[in-house]
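Given these sequences and hints, build the entire structure.
When you read off a place in the sequence shown, starting at 1, and then add 47, the result is the number in the numbering used here.
Hints may be right or wrong, so weigh each one.
Simulated restraints on C-beta separations [to be verified]:
| hint | residue 1 | residue 2 | range |
| --- | --- | --- | --- |
| 1 | F215 | R193 | 22 to 28 angstroms |
| 2 | L302 | R193 | 38 to 44 angstroms |
| 3 | L211 | G383 | 16 to 22 angstroms |
| 4 | G384 | V350 | 25 to 31 angstroms |
| 5 | G139 | W161 | 25 to 31 angstroms |
| 6 | L106 | M198 | 37 to 43 angstroms |
| 7 | L226 | G383 | 21 to 27 angstroms |
These aren't lab readings, by the way, just hints derived from the structure by calculation. From the three backbone atoms N, C-alpha and C, an ideal C-beta is built for every residue, glycine too.
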Amino acid sequence: MNPAPPSPGLLQPIVAGVLSSVVGFASTFAVVLHGYASVGATPAQAAGGLLMLCLAQGLLSIWLSTRWRMPVTLAWSTPGSALLAASGLPEGGFAVATGAFLVAAALIVAAGLWKPFGRAVAAIPTALASAMLAGILFEICLAPVRAAGAMPSLALPVILAWALAWRFARLYAVPVAVLAAAVVMLLVTTLPPGLTASVAWPEFIMPRFTLTAAIGLGVPLFLVTMASQNVPGLAVMHAHGYRPAPGPIFTITGLASAVIAFFGAHAVNLAAITAALCAGRDAHPDPARRWVASVSGGVGYWVLGLGAGIAATFVAAAPPLLIQTVAGLALLATLGGALTTAATEERTRLPAMATFVTTASGLSVMGIGAAFWGLLAGGALMLLDRLRR
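Structure, rendered in structure tokens:
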């Protein structure tokens with residue numbers, strides 16, 4: 048009779064958690080920094096914002112996972128960062144953007160505390176939310192193609208490295224692209240004096256509130272964070288047998304997002320893709336022990352946050368189109384998923400496409416950005432269709 052295989056110890060979930068934090072950071076930190084730069088943050092403010100995101104999501108992952116004994120994995124809002132990149136510089140600069148961050152955080156808290164509001168947000172048609180996200184991502188995802196034409200000697204090695212890694216090890220495709228971009232930058236870029244190997248420090252920013260930024264940036268940031276991060280994150284946990292109460296999660300992450308907004312960080316929320324690394328069987332055969340992976344991932348984000356200054360240094364010194372190339376490659380899969388969801392049902396396809404093209408157009412009316420008008424256009428068409436019926 049063959050002896051039973053030994054039960055895995057803590058090494059397996061620890062490794063899984065570290066892997067989730069490395070993949071999560073390396074895959075999208077360029078998107079985060081590009082988004083901050085687009086709304087007026089200095090390199091130092093962008094690095095400080097990235098550091099605060101790492102510290103907040105690491106702390107919450109450790110605390111909630113330990114408290115609830117389930118793998119609650121937190122992340123920054125990558126779609127939110129893409130929204131910042133697509134929105135451009137608001138009138139009033141980065142202080143106005145941080146005011147919009149606080150508006151989004153307050154709405155997340157409200158969704159957690161006030162159940163009717165949470166249900167209303169959840170009732171936003173998935174097709175329209177996905178189409179809005181696709182419109183936000185579209186411009187960024189064009190960057191690799193534009194870079195290949197404008198600067199082929201710099202962009203093509205990054206794209207080729209990404210494509211080869213995607214073919215043989217898809218999980219590492221974007222980190223490999225980041226590494227290739229770093230090599231290219233080291234070969235062709237001279238780092239500015241005083242920035243080399245700089246350390247990130249949080250910088251307090253007094254928010255400024257404007258109605259146009261609240262509507263055009265704060266509300267869309269709230270919507271994409273809920274629809275593209277929190278809801279899929281809950282779905283990943285449910286698929287692996289975990290049933291956390293959504294209200295407390297939204298409330299806690301919203302409060303944390305409000306605190307870090309004063310230091311230039313936009314939002315923390317449930318992870319989706321990296322959550323599967325901590326909640327799945329690869330983290331541990333025993334579901335009751337997988338929470339260790341999320342704790343390990345939280346510690347990993349603390350360590351990675353120490354490199355935020357160095358990451359911002361390279362991003363600030365590199366050609367902007369090269370950074371956009373990495374960001375575009377990182378978001379291609381998300382764009383594909385959003386378009387697929389938006390166009391799935393024939394009945395909602397036309398309103399969803401109206402949302403997509405309006406959002407992708409970059410339209411700005413009265414200082415309010417295209418994401419809001421896209422959702423309004425699609426919603427109006429959907430309402431007309433229902434009235435006709």
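Each hint, compared with the structure:
no.	hint	verdict
1	F215 to R193: 22 to 28 angstroms	holds (27 angstroms)
2	L302 to R193: 38 to 44 angstroms	holds (40 angstroms)
3	L211 to G383: 16 to 22 angstroms	holds (19 angstroms)
4	G384 to V350: 25 to 31 angstroms	holds (30 angstroms)
5	G139 to W161: 25 to 31 angstroms	holds (30 angstroms)
6	L106 to M198: 37 to 43 angstroms	holds (40 angstroms)
7	L226 to G383: 21 to 27 angstroms	holds (23 angstroms)
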